[in-house]
Amino acid sequence: MLRFIIRRLLITIPTIFVVITLTWGLIRLAPGNFYTAERSIPKAIRENIKEKYGLNKPWYVQYGKAMWPIVRHLDFGNSLKYQGQPVSNIIARSLPVSATIGLLAYLLALILGITFGSIAALKQNSAWDYASMAVAMLGISIPNFVVGPLLVMVFSLSLYWLPPARWGGFWSKSLILPVLTLSGLYMAYIARLTRAGMLEVLRSDYIRTARSKGLRERDVVIRHALRAGLMPVVSFTGPALAFLLTGTVVVERIFALPGLGNYFIQASLNRDEPLIIGIVAFIAITLLLMNLLVDIAYAYLDPRIRY
Amino acid sequence: MKEEPPDFISRQEPRDLIHVPPEFAVAEGAVRVLDEDEYVAGSSLWKDARRRLLKNKLAVFGLIVVVLITFISLLGPPIIKAATGFTYDSIPRDVTLIKSIPPFRSADGSFSWAHPMGTDNSGRDLLARVLLGGRISLMVGIISTLVSLIIGVGYGAVAGYLGGRVDNWMMRLVDVLYSLPYIILVIVLLAVFRSSTAVGQLVLLFIALGSVSWLTMARIVRGQVLSLKNQEFVVAARATGVSTTRIIFRHVVPNTLGPVIVYATLTIPQVMLSEAFLSFLGFGVQPPLASWGSLAAEGIQNIAIFPWQLIFPGVTMALTLFSLNFLGDGLRDALDPQMRT
Amino acid sequence: MFGLTIKQLSAVLFLGTLVLGTISCAASASNEEFFGRTEPPADNVLRYISGDEPESLDPQLSSTQPDARIFLALYEGLVEYDKKTLDPVPAIAERWDENADSSEFVFHLRKTARWSNGDPITARDFVYSFRRGISPELTSRSASLAYYIRYAESYNQGAVFVRDPQTQQFLLEKDFTTASNTIIPLSQTPLTANVVEYKPTAEEPTPDRDTPFHQLMHSPTRLTLPGNEQARAAFLAKNPKLQTAVAGREFVKVKGEDIGVEAIDDYTLRLSLTQSTPFFSGLLANQFFRLVPQKAVEQYKKDWTNPAHIVTCGPFKMKSWRPYNELALVRDPMYWDAANVHLDGIRFFPLADQPTMMNLYRVGEVDAVANHSIISAWVDSVRFKKDYMAAPEAAVIYIVMNVTKPPMNDLRVRKAFDMAIDKETALKWRKIVKPLKGVTPYGIFPDYPEPKSNSFDPVKARQLLADAGFPVIQNSNGSYSCPKFPVDQVEYLFPSASSNKITAEFWQAQWKQNLGITVPLRSMEFRTFADFRSKLEYKGFAFGGWVGDYMDPFTFLSIFYTPENDNNTGWWDQRYVNLLDEANRITDKQKRYAMLAQAEQIMVDAQPIIPIETGTVNWTKKPYVKGMYPNASSLFPWKYVYIERDRSKWDYGTPSLAE
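Chains as they are written, first to last, in the numbering used here: chain D, 10 to 316; chain U, 1221 to 1561; chain E, -6 to 652.
Treat the hints as calculated values from the structure; they're not laboratory data. The C-beta atom is built at its ideal place from N, Cα and C for all residues, glycine as well. Errors might be hidden in some of the hints.
What the hints assert, rightly or not - One-sided and incomplete, this derived list gives chain E residues near chain U with beta-carbon spacing under 10 Å: (1) Met351; (2) Asn352; (3) Arg515.
What the hints assert, rightly or not - Straight line, CA to CA, 25 Å or less: simulated PhoX-like cross-link-like pairs of lysine-lysine: (4) Lys295/E to Lys59/D; (5) Lys295/E to Lys1319/U; (6) Lys61/D to Lys288/E.
Please model the complete structure; the sequences and the hints are all you need to start from.
Spelled out as structure tokens, the structure:
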């Protein structure tokens, strides 16, 4: 097991490096520059900028200059667009925003999704099944960027209950609408996973045994069926959380939240090389670590898996 | 009493499930592997599947809606043009008509059959645009899914069958591609391969969308192939000296079709949503063409004032996605032999 | 069971649609006087959406308009914008003198001006700020605004003087120049005893002290060469006379100390310019010329704008900064005019999405929004409200054409495409915008003569196309087609934003209707677009727009001034440049405008652009926000702004810009 973890971690490092390198190359290929603006800048000033950021050097020198601080001290440098702001500060500042929204949304999605999924499984092929799956499916069928403004329309512009946008802090009313908007998609997935998992388990021998032993239906469902039936949800949680922690792009844009996803899109559109590379590296690391964690968890949960 | 974990988890490569980003994730059952005896069942498997699918009412409902919307999108625009003269890009010459008119109204507010869905900000018939949007969105969905199918199945099958070091490297590449910044990838794609014709720009959009969605497909196929390759019929083929290429594409791949079809059905709505997201960011189809996504993205800006601009494309799109998802779920249930009751 | 479910399903869908429909209809149909709620905030703090996230809080580094609004609160310069006309009014400088040809300025600073940390502000602070802003190391993108200052351009380019090592004499430009009719501005003519540079005034009866630096400025211009050795070698190779003259001389880098900025004493600043620049005092209100704190900058380097270190000099100072969320400022008691600052503070919300802005405004979470916040589709629902701000803007929109590639290199083709657009109809449709004839905005400079441009004439347009070899044929159903026109060689390129899309579709329809040519549309992500356009990689047409830097027609005309394609069309004409130069030497405003207009006519006749429209400011403010005027650049000197709680004194309509 330990060998497996070490091997995976060792593979992670070059993977991230390749990701960063390709990202660097992509940014070079994309037309336009971080200093491109509506009005063209006089040539002399352009030359000064190129000189300052080493853009007039051969590509391998530029590459080396970009990579060395990362390899050496994990230093991603300063943002080019937001001059003087270190990339690490931007990530440290925006991650909690994305994480708060993401975790709350996932929690809500878990509660609703498991409820809908269990109801659907227990009453398979009934109106209950269809209705709860239909509600869940709405989460996948309506894009986030439609749901968000609809909620704003109702709860902010018509009822004046909640603010329509902006970040008001970690415990404020301004969280409600983004969390609701974001949870829809995840709720739908969780409901479907729960339903599939539960159906599988409910047909298995040990549930039949439990029932035949005369256990109460409620105990059978909650103590046995649900626990096993939720395994797929557990495996879904790993990657879902990684994505939720690191970027909830659409929701952050709609509600003008200072989160990581918002910065990522802006950085991409601004060709803000250090910031893009920093965020890409962060997302890649989070993803790979989450995957590793889930693999380890699997090994413990299911003794049949060997590495 | 000892509780057994559900057995299907052990049968698949855990890693393969785990990398799936939620936008592209499949419902768990799709990645199941068929038992040996079910392959023996041969054609009856498909017959059973069809029977089971037709029994699933929501799936049938989905199928009907999808077929219906496809037909209306294809046949509608010429009919509208013949009947009223409106096309998706006809901006009225009369300046007083260049505005958003509510459904069943004329410019002065009286009742009129001219625009059953109203008009957009430039006074264009919304019905004609929603139908055009349907054509584009369905085309984007289907073609990009085909792209992802072709690349994903080929890649996944080769990786899974060859296994070992090759597999390891090929899957690392998939990991890398997953982590690349998608927006920049799209910017580069659209800038490096430029095209000024509408068709060329559409093709680029297909490539941009397909270039990402094949990754999940590759993972799923690989997982399937991993568990298939040591089964007797493959071993037998290998023993009789059949070439590797032939084994992969004639023996192994056909046996992964079930999950692949299911996943493809579920990919279509996901690709359509991705296209909508790109439209939301301004990378979608080029005007005056429109997709449901771009219409909805535009409508959402005006929801407070011209709600019909969102409601019609939005509801049509949601209904289609809804139906496609139910169809996909139905297919999964139908192709999943464990569900046979 | 199944039937029921489907029925329920469709009922849910139907009901949902209905509810949504009613809510949104109810929301839009309300015939309120104002757009949204109008309760003044409890505290005396203005909440304002400034636009995009600030690039930096360093006024010399960021050149954008949203950031300029923030800098107006945090920093001050020699002059400040007038709240209505945007003309320069005294700020840290109480008054200033201008020499006879506007090539030298002397500013008299007020002695009460202080930094937010209490330190007095002196002329040396300006010397430091200007030198820093122009220095090549800072790479300020606005540095070219200061190129009017003597040797500033050379310093910014890292150029060198040429000096004789024996005599310590510098080579002079006049000995090598090829231009014959160079006119030397008064700021560079040698001072003689009887010259009176400035008319004596009541406050300043005696002329300002002469200094060695002043003498130096009044001597002939030194020759400058490129600082980069390769560039210099290439330059000299083309100029054999120079090459021999330079041999054996040493090259001296142009330094910050060489530029024409001089502190005569603590409270007197003299600026020497390279040429007559009648609009220069107006330019000085730009953020680039605002003061930066020398001590903080030198101590904290790039971190000096960090809230913990920042030192400012404007009516407000930093309270807290949460990027992408909120920049909170409070009144600065150290400010020289603190007694006349009305607000206790300002909260800037950086936000660029228009519907989001308007939603926040509507529910009363903000008191005013940035310009252009109302998307075109909403205009009809908002423009009759009493909190809508309608006024012409110093901003123009036009279509650029790539004159370097066929078929657009043919003037007849360019004219045809211009004449085929029905601009009258377009203006009626766009409702709030104003016409545009050339490149100077309509209604901003009242005495400026408008150029003569083409009127809508589809018949003549088709004739011109035919003359150019692309005959337009009328089809049996009345529509036109132009089969010979190479449609694959043109496209209309524009940055992806819905406002650009809707106009693009309109032009496309116009050309299709009147010429039978369907120009393909191509929307692009902004930086890709800007790159394609500036490198002239686009075919045919592209979106163009310009926002004025200062209140003078020259800020618009200068787009076509440089041969380095700042105008993105590939067009350049020496005659145009000569006329502009000549005009800028005229001090009489009327005559100067006439000559500028003459130059503009040359450009309009050559038709590198299709003029489209002059912008409008297009924003809203709550009626209780007073002292905020819809001026042409949407730049507000914040100290005049206040919150009025007495309803009878509210603004019911756009406040007048006239006195």
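Status of each hint after checking the structure:
1. Satisfaction of the interface hint for Met351/E is found here, the shortest Cβ-Cβ separation to chain U being roughly 8 Å, below the 10 Å cut-off.
2. Residue-level restraint check for Asn352/E holds (minimum Cβ-Cβ distance to chain U is 8 Å; threshold 10 Å).
3. For the restraint placing Arg515/E at the interface with chain U, the shortest Cβ-Cβ distance is roughly 6 Å, inside the 10 Å limit, so the hint holds.
4. The suggested pairing of Lys295/E with Lys59/D holds, with an alpha-carbon distance near 18 Å, which does not exceed 25 Å.
5. This hinted pair does not check out: Lys295/E and Lys1319/U have alpha carbons roughly 50 Å apart, beyond 25 Å.
6. At most 25 Å may separate the alpha-carbon atoms for a hinted pair to count; Lys61/D and Lys288/E meet this at roughly 23 Å.
Of the hints listed earlier, the one the structure fails to meet is number 5.
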